[in-house]
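Single-letter residue listing:
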Amino acid sequence: MGFFTDCANILIKYWPSFFLGIKTTLLIAFSGTIMGLALGLLVGGIRAIKLDKTAPSSAKMIKKVYDIISWIYIEVFRGTPMMVQALFLFYALRPIFNWTYIPAGIFVISINTGAYMAEIIRSGIQSIDIGQTEAARSLGMSNMQTMINVILPQAIKNAFPSIGNEFIVNIKDSSVLMIISITELMFQAKSIAGSTYKLTETYFITACVYLCMTMTTSFILNQIEKKMNHSKTTLPQSDTFAKTMNLAKEQEEHERTY
Amino acid sequence: MKELIKIKDVHKSFDHLEVLKGVSFEVNKNDVVCLIGASGSGKSTMLRCLNLLEVADSGEIIVDGQDILHTKDINAYRAKVGMVFQQFNLFNNMTVLKNCMLAQQKVLKRNAADAQEKALYFLKKVGMDSFAHANVNTLSGGQKQRVAIARALCMDPEILLFDEPTSALDPEMVGEVLDVMKSLAQEGLTMVIVTHEMSFAKDVSTKVVFMANGIIEEQGTPQQIFEHPTSERTKAFLARFNR
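Chains as they are written, first to last, in numbering that gives the first Met the number 0: chain A, 0 to 257; chain B, 0 to 242.
Since the hints were made in silico from the structure, they are not lab data.
Some hints could be false.
[Said to hold, decoys possible] Using 27 Å as the maximum straight-line C-alpha spacing, the simulated DSSO-like pairs for lysine-lysine come out as follows:
{"hint": "1", "chain 1": "A", "residue 1": "K49", "chain 2": "B", "residue 2": "K124"}
{"hint": "2", "chain 1": "A", "residue 1": "K49", "chain 2": "B", "residue 2": "K234"}
{"hint": "3", "chain 1": "B", "residue 1": "K181", "chain 2": "A", "residue 2": "K226"}
{"hint": "4", "chain 1": "A", "residue 1": "K62", "chain 2": "B", "residue 2": "K71"}
{"hint": "5", "chain 1": "A", "residue 1": "K59", "chain 2": "B", "residue 2": "K71"}
{"hint": "6", "chain 1": "B", "residue 1": "K97", "chain 2": "B", "residue 2": "K124"}
{"hint": "7", "chain 1": "B", "residue 1": "K105", "chain 2": "A", "residue 2": "K49"}
{"hint": "8", "chain 1": "A", "residue 1": "K225", "chain 2": "B", "residue 2": "K97"}
{"hint": "9", "chain 1": "A", "residue 1": "K156", "chain 2": "B", "residue 2": "K20"}
{"hint": "10", "chain 1": "A", "residue 1": "K59", "chain 2": "B", "residue 2": "K105"}
{"hint": "11", "chain 1": "B", "residue 1": "K97", "chain 2": "B", "residue 2": "K181"}
{"hint": "12", "chain 1": "B", "residue 1": "K20", "chain 2": "B", "residue 2": "K234"}
[Claimed, not checked] Per label pair, the in silico range of CB-to-CB distance:
{"hint": "13", "chain 1": "B", "residue 1": "A111", "chain 2": "A", "residue 2": "W14", "range": "45 to 55 Å"}
{"hint": "14", "chain 1": "A", "residue 1": "F18", "chain 2": "B", "residue 2": "D72", "range": "39 to 49 Å"}
{"hint": "15", "chain 1": "A", "residue 1": "F87", "chain 2": "B", "residue 2": "K79", "range": "51 to 61 Å"}
Model, not experiment: these values are computed from the prediction.
Just so you know, even glycine gets a beta-carbon here, dropped at the ideal spot from N, CA and C.
Here chain A stands alone, though its shape is the one from the complex (with noise of 0.2 Å):
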């Protein structure tokens, strides 16, 4: 049993430590997922626009060159190591910016999640009928009417699960962030782990955090994900189900009436 004493202890002990490093943790992978999912809308939605064969050749020359860049960008920072890019960025853009640990856990978190985030919204905006958008465009939408009002609504709800992912991901990996000293969880639990020389115990309990943020994370997303799934099912609804809702309809007008 001297296991467990020793990390009820130890929770005792250092509990304010832990819940500084939870609220950090939550904090660089809350901002860092909707910063990333920002960067990915942009990025994604961009990528996604098919330029009409009447587009002018100045629009698609534009259109190339985004194309090759947003590549480099989603494949350099989906095939490099998240703390890779933490130091890179980190030391590299300090003159610049001359920031804080903090702020910059967010800015990396974001870039890479960004790079995620644009592949989800571009094959979640690809998933959507052609169909959507033809009828868009022949009533005179724009294109950018198209995406902001029918497109990516529809994208954003097909790509719910991927991107509330995302966010789980972001409250695990964010451990990396400790290599450039930031005082999220797993940083927390090394200094403690130093202090108290109970290694095993220390990270136990640290295994034991993350995943309840992670199971409790999972089960709101899933909550919200039931909600926006509420009057809808992705299978075609039977024609027998509208004629009932017909006749309902129809009654309630009837009833109305009298």
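With the hints as your guide, set chain B onto chain A.
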């Protein structure tokens, strides 16, 4: 009679497949033109060229005196030409009412009250006003198509294009959509309809265009085409429906 659409020698290829091999016909104001023919004959492509969802490779399409293949403002042109699709293509993330209001507000810059009034007027016309606040995914196919027609009408189009509007519907729902189209025809709306509903074409249209293999095989009044077809191909095609 005023000539609204003039199509002259339109060609269109997809990669190496030539779908339209020089199509020419005219649509007058208040005309109801039905494009008929076998699948793959190029009727849908011709229709899609009319509102620039496809761009013709060569030829001329003059709509209301405007050369649309060289028009600068495609969106302004499209707002004047409504389109109804085989697969309805209602916006899935909106209610019926919002479907009908969106383009009015964004493209025609109408305010919300005007757009809503117009939307409800046309929804009533197609018998869907009691579903204004329903989610489009809860509607049946026939109801969706009627909403799609109302959505197109809300833009006050000069021409309404129909791309096989009843082909994706269950048989018992075809009638409700055709009835709506019939009443629009009687009001004098200019329509170009790609359809396989031969009796509808015969009863409602003012002109029938029979297409085969990317060219117009024969065109004329419904009486000419359905009762006295001259081309062997037309005869063979229609024989399958008259049996």
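Each hint tested on the structure:
| no. | hint | in the structure |
| --- | --- | --- |
| 1 | A:K49 - B:K124 | violated (36 Å) |
| 2 | A:K49 - B:K234 | violated (43 Å) |
| 3 | B:K181 - A:K226 | violated (42 Å) |
| 4 | A:K62 - B:K71 | holds (20 Å) |
| 5 | A:K59 - B:K71 | holds (17 Å) |
| 6 | B:K97 - B:K124 | holds (17 Å) |
| 7 | B:K105 - A:K49 | holds (21 Å) |
| 8 | A:K225 - B:K97 | holds (23 Å) |
| 9 | A:K156 - B:K20 | violated (43 Å) |
| 10 | A:K59 - B:K105 | holds (25 Å) |
| 11 | B:K97 - B:K181 | holds (25 Å) |
| 12 | B:K20 - B:K234 | holds (21 Å) |
| 13 | B:A111 - A:W14: 45 to 55 Å | holds (53 Å) |
| 14 | A:F18 - B:D72: 39 to 49 Å | violated (60 Å) |
| 15 | A:F87 - B:K79: 51 to 61 Å | holds (55 Å) |
When the structure is compared with the earlier hints, violations turn up for hints 1, 2, 3, 9, 14 and for no others.
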